[in-house]
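The sequence shown runs 498 to 1448 under my numbering.
Honestly, I wouldn't trust all of these hints.
[As the list claims (entries may be wrong)] Quick list of the computed label-pair ranges, beta carbon to beta carbon:
no., residue 1, residue 2, range
1, Val-966, Arg-1022, 28 to 38 Å
2, Arg-1022, Arg-1426, 23 to 33 Å
3, Ser-1431, Pro-1386, 15 to 25 Å
4, Leu-1370, Ala-1194, 28 to 38 Å
[Unchecked claim] Here are the simulated DSSO-like cross-link-like pairs (lysine-lysine), alpha carbons at most 27 Å apart as the crow flies:
no., residue 1, residue 2
5, Lys-756, Lys-930
6, Lys-970, Lys-995
7, Lys-762, Lys-827
8, Lys-969, Lys-1073
9, Lys-1073, Lys-1273
10, Lys-1236, Lys-934
11, Lys-827, Lys-872
12, Lys-789, Lys-762
13, Lys-985, Lys-1030
14, Lys-1185, Lys-930
15, Lys-1236, Lys-1350
16, Lys-1405, Lys-1424
17, Lys-1030, Lys-1185
18, Lys-1185, Lys-1073
19, Lys-872, Lys-757
20, Lys-872, Lys-934
21, Lys-827, Lys-1073
22, Lys-756, Lys-970
23, Lys-1216, Lys-969
24, Lys-1143, Lys-1216
25, Lys-934, Lys-981
26, Lys-1125, Lys-1143
27, Lys-827, Lys-726
28, Lys-872, Lys-1216
29, Lys-789, Lys-757
30, Lys-1428, Lys-1273
31, Lys-958, Lys-969
32, Lys-745, Lys-872
33, Lys-1026, Lys-988
34, Lys-1026, Lys-1125
35, Lys-745, Lys-756
36, Lys-1273, Lys-1125
37, Lys-997, Lys-1260
38, Lys-1026, Lys-1216
39, Lys-970, Lys-958
40, Lys-930, Lys-872
It is worth saying that the hints were derived from the structure and are not from the lab. Here a beta-carbon is modelled for each residue, glycine too, at the ideal position from N, C-alpha and C.
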Amino acid sequence: MKVAVEIVEARDLKPNKKRSNTTPSTYVEVSLAGQTQRTQTKPNNDPNPTWNETLFFHVADPLDLPSLAMEITVYTNSTSLSSLISSRRSLLGHVSISGSSLSPSRSDAALLRCPLEKRGEIAIRLYAVTNSSARSDITHLSTTYPSTIHKNSVKTSKSSRVYNSVASSTKTITVEDPVKKAQPEPEHDLVETHPPLTAWIRYKKSSDKITTTYDLVEQMQYLFVHVVKARDLPPMDITNGSLDPYVKVRVGNYSGETKKRVANKNPEWNQVFAFAGDHIHAQTLEVVVMDKDILRDDLVGKVVINLTDVQIRVPPDSPLAPMWYQLSDKNNEMTAGYIMMAVWNGTQTDEAYPEAWHSDANNISLEGVHTTKSKVYFTPRLSYLRVDVLAAQDLAPSESGRINPEVYVRVRHESQTVLTRLSPDRSLNPTWKNEEKILVAREPFDEPLHVSVFDRVGPNKDVSLGELVLAKKEIGTMGNRHQKMPAKWFKLGNSDSKGKIQLRVYYDTRYHVMDEVMQYSSDFRPSNKQLRKPAVGVLDVGILSARNLLPVKISINGKTNAATANAYCVAKYGPKWVRTRTCLNSLAPRWNEQYTWEVFDPCTVLTVAVFDNCQVNGNGNDKDNGLKDHPVGKVRIRLSTLESGKTYTHYHPLLLPHPTGLKRTGELHLAVRFTSTAWFNMVLMYVKPLLPKEHYARPMSVAQMTELRQAAANIIAAKLARSEPPLRREAVEYVLETKFDLFSMRRSRGNWQRIAALFSTVKAVAVWLDGVQQWKDWITSCLVILVFLVMAWMPVLILPTVFFYLLVIGLWNYRYRPRRPAQMASYAEQVAIDDLDEEFDVIPSSRPVEVVKWRYDRLRHVAGRVQTVVGDLAAQGERAQALLTWRDPRASMIFVVMNFVLVFVFYKVPFKLLVMGYGLYQLRHPKFRSKRPSVPFNFFRRLPPLSDVVF
C-alpha cells in the first residue's frame, strides 16, 4: 500500500535574521516508515511558499499505521558560498503526525494546517493510494484506532476541527471545514447518546403495537430456523444401506451445520440457527440434508423456502409449531424423506436466541460456537465456617518414648488450609486458647472438613497423630446471635489409640461473605435468608454495543490469526452474573441484550467488563490451547448516583493500564435505569448499617477479611468455570479485582490526587481567610469583622447560620448536579513506565536482578522520606507532652505561670470579650502585623522533643 503526502503550502516562515543578507531556499523533508523524501526547493525569499507536490511512501501492512509517526520538517538552505561549502541547513519548523490520520482517498482527505514547533504552519493532505478493497480496510482502520489526530473523533457543532499534535500536547492542527465547526471531545470522557430505544415492536405488515419488557435495547431482526428431526431418509451407502445424516442451513453466503448422526435414518438434531438481518442478502432459505462420506458428502434432499413467506413471531407468543417438509432432489423433484422444522422472523428477545447458532460464526467449529453463547450465572451462597480448636486427649506418640510432643492442628476445606500454633502444653493431652479459624464454605456444603493433628518432630518433619473428616450433617449452623454452639469431642481416625479432639465447629450465616472489594461491592446481605430485607428497587441494564475496539492477534499452534476482535461482556451485580453473546470478527459489536437485577441496597455498584474471546478457535480448554480471554476494559456505576426512573445512555470509555502506558481500548454503549419500588424503605436504608449486625458485634480484622475475600473469589471462580459454557477464571478475577491489595504506584498517585481534591476546598477557605487577614479587599474584611462581632456577641446564632448556609449551598448546587454516571478514571499517564511495569510484575518478581535492586533502593529512599515525616509528627506530639513533664524545667515553669495568669483572666473577663478580642487581633490590619512568627509558635518550637535520643 502507498501513502500519499501532498505538501500544499506553508505560511509565516520567518527567515533567520543572522542570514538576512542571503537568499534562502526553502524545502520540506518527510520521513515515514524508514523512508525519507523531500520536495523541490523554492529559491526565493517568500515567507509563504507554495509547492503542491505529492510524495509517496510504501507501507507493507496497513495495520501498522497507528504505530507509525510521520515526521515533517521544513528546512532552508542559504545560497552564500560559505554555506554551500559547509552544506549547512537551518531548521524552520517541525511537526509529527500519527499514521492513523490517513484518509481512504484524496477526495476524503481534508486540508490539515499543522502549526510548526518553531514558527509558521504547513498545509498538507494525507491519503492512501490503493485498490478499492484495501481502501475500505483503511476506512475501517481509521474508525478502529482513535488517535490524537483523527477527523472522526470530533463533534459537528463548530466550524473548525482541532487535533492534538503527536510531538507536543500543546500544539494543535486545524482542519479547514467551511460548512461546519466542531469542538474536540475529552479523550476519556463519557459521550451521551440518544439511541432509538423502544418499548414496543411493530409488525412489518401491521401498525399494531405490542408491548415488551426489552425497552432499553434496539430491536435486531433475525431469521430463526429450528431443525428438529427427520424421518424415512433413503439409504445412501450401497454396501450396507445406511447413512450418516447432517443438515446444512444456508442463506446466501452464510451457512451452518448440525452435528452428524451415525447410521440413523430417523435422526434428531433439535438445533436452532439465527441469521442476522444485515447478513441476509438472498431471497430463499435452503435446508439441505447431507450424508457424511469419506471422500465426498452426498445430497439426501433439500427444502427451499421463500423468505417473503416467513411469518413474524413476537414474544410472549408461544413457540412456533414445527412442520414436516418433504425433501426434494437437486432437480427440485420430490424424493423420499421428510424433515421437521420451524422458520420464523424474530428479534433478540426470542427465547431461542441465547442457544442458537449465529450467522457470524460461519467459520467457527461447533466447539468454538459453544463458547460464544450468552448465559446467566448465579454464584453459590457462601457462609463462614468457624472451627475453634480447644483440646485433644489420649494422642498416640509419634515415636516410642516421646512424651513431650509439639502438637499443632491443620484444618483444611476445599483449597483452604489453616494451621494452629503449637500447643503450649507439650503433652499428649494438649490444649489451645484463642485458636478459632475461619474458612469460606459454599452451599450445599457438600465438601467435607478435614482436621488433622500433627507432631513436629524436627525441621520440616511432621508426623500425623490422627485425622478427622466431618461431613455436613456433623456440623451445625448458627443463624442468629442468640444461638449458642456447644463444643463436641470427635474421635480421630488413623490413630493407634483412642485419641480424640474437642472442637466447636459450625457454619456462621450471620455475616455477609465479601467476594468483592468493599469500596465497590454490589451486595451486603447476610448469608442467612431469614435475615435479609426485601428489595427496594429494580436495576435494568441494556448492553447495546461497542465501538473503536482494538484488534487482537492470536497465535494458535504457531499460526497467527488475522487481527480482529471477538468481544463479549460480563456484568455482575449481587450474586447474578450475565454474559452476552460473543460478536465474532467485529471491532464495533452490537449485542443489544437487556438484563434485570433486584436491588436491595442503593449504595452498591454495578460492574460491566468487556473481554476478547480467545477460545473460539479452540475447544475452550485452557490446558489444551493455553489461551486466556483478554480484558478490554470495564465500567463501574454506583446506583446511588442515579436518579430513580431515569434512563442513562452513554458511551463509556474503556481504559486498560498496560506496562507501556494507558491504552484506550474502545467505548462501551450502555443503557442503565434504576427504578425504586419502595421509596420509604430505600430512604431508610441510608440510616442503617451497611453490613449485617454481626460485623459490628463481632468484627474481623482487615487482614482476615482480605484473606477470606480471596478465598471466596477462588471458590466463585472455580464454580463458574465448571458451568457450560464456562465463565473463565481470568474473567471472574478481573471483575472481582482479586489483585486490588497489591501495591500500585498508579493507584497511589490516584489516591493522593483524591486527597488533594478533598482538601482543595479547605485550601480555598484558607486562602480566602488569608486575604481577609491581609485586607486585600477592605470591604470584605470589614464585613467579616462585623459578622464576627455579631456572632461573638450572640453565639446562639452560630449554628443556625451555619446550617442555613449549608441549606442555601445545597439548594444552589442542585442546578449543577451530575447528569450522568461517574466515569472510570486511571492515572497510568501520570506515572513512569517502570512504575507500571512494577505493577504488572508477578510475585515473586520475574524481572532481572539489577531491576529489582534498583527498585529496592528506590523504595528505601521513599521510605526514608516517610520516616522523616513520621519523625516530625512524633516530635510535635512530644513537644506538647513536654509542657507538663518538666523535661525542660524553664519551659514548664513558664507554661505553669502562664496558666496561673490565664485562670484569673478567664474567670474575671467575660468569655464573649475574650473571643471578640482574639478575633479582632487575628483580623487586624497588615500595618499592625509583623512578619516574624508569633510568641506561642516560638515557645512551642523551643520545647524539647525526643529526636535527640533516637539513633
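Now for the hints, and whether the structure bears them out:
| no. | hint | in the structure |
| --- | --- | --- |
| 1 | Val-966 - Arg-1022: 28 to 38 Å | holds, 32 Å |
| 2 | Arg-1022 - Arg-1426: 23 to 33 Å | violated, 60 Å |
| 3 | Ser-1431 - Pro-1386: 15 to 25 Å | holds, 24 Å |
| 4 | Leu-1370 - Ala-1194: 28 to 38 Å | holds, 34 Å |
| 5 | Lys-756 - Lys-930 | violated, 63 Å |
| 6 | Lys-970 - Lys-995 | holds, 23 Å |
| 7 | Lys-762 - Lys-827 | holds, 20 Å |
| 8 | Lys-969 - Lys-1073 | holds, 26 Å |
| 9 | Lys-1073 - Lys-1273 | violated, 60 Å |
| 10 | Lys-1236 - Lys-934 | holds, 24 Å |
| 11 | Lys-827 - Lys-872 | violated, 40 Å |
| 12 | Lys-789 - Lys-762 | holds, 13 Å |
| 13 | Lys-985 - Lys-1030 | violated, 34 Å |
| 14 | Lys-1185 - Lys-930 | violated, 35 Å |
| 15 | Lys-1236 - Lys-1350 | holds, 23 Å |
| 16 | Lys-1405 - Lys-1424 | violated, 31 Å |
| 17 | Lys-1030 - Lys-1185 | holds, 12 Å |
| 18 | Lys-1185 - Lys-1073 | holds, 24 Å |
| 19 | Lys-872 - Lys-757 | holds, 25 Å |
| 20 | Lys-872 - Lys-934 | violated, 36 Å |
| 21 | Lys-827 - Lys-1073 | violated, 50 Å |
| 22 | Lys-756 - Lys-970 | violated, 45 Å |
| 23 | Lys-1216 - Lys-969 | holds, 19 Å |
| 24 | Lys-1143 - Lys-1216 | violated, 35 Å |
| 25 | Lys-934 - Lys-981 | holds, 17 Å |
| 26 | Lys-1125 - Lys-1143 | violated, 37 Å |
| 27 | Lys-827 - Lys-726 | holds, 21 Å |
| 28 | Lys-872 - Lys-1216 | holds, 15 Å |
| 29 | Lys-789 - Lys-757 | holds, 7 Å |
| 30 | Lys-1428 - Lys-1273 | holds, 17 Å |
| 31 | Lys-958 - Lys-969 | violated, 32 Å |
| 32 | Lys-745 - Lys-872 | holds, 26 Å |
| 33 | Lys-1026 - Lys-988 | violated, 33 Å |
| 34 | Lys-1026 - Lys-1125 | violated, 36 Å |
| 35 | Lys-745 - Lys-756 | holds, 10 Å |
| 36 | Lys-1273 - Lys-1125 | violated, 63 Å |
| 37 | Lys-997 - Lys-1260 | violated, 66 Å |
| 38 | Lys-1026 - Lys-1216 | holds, 21 Å |
| 39 | Lys-970 - Lys-958 | violated, 34 Å |
| 40 | Lys-930 - Lys-872 | violated, 48 Å |
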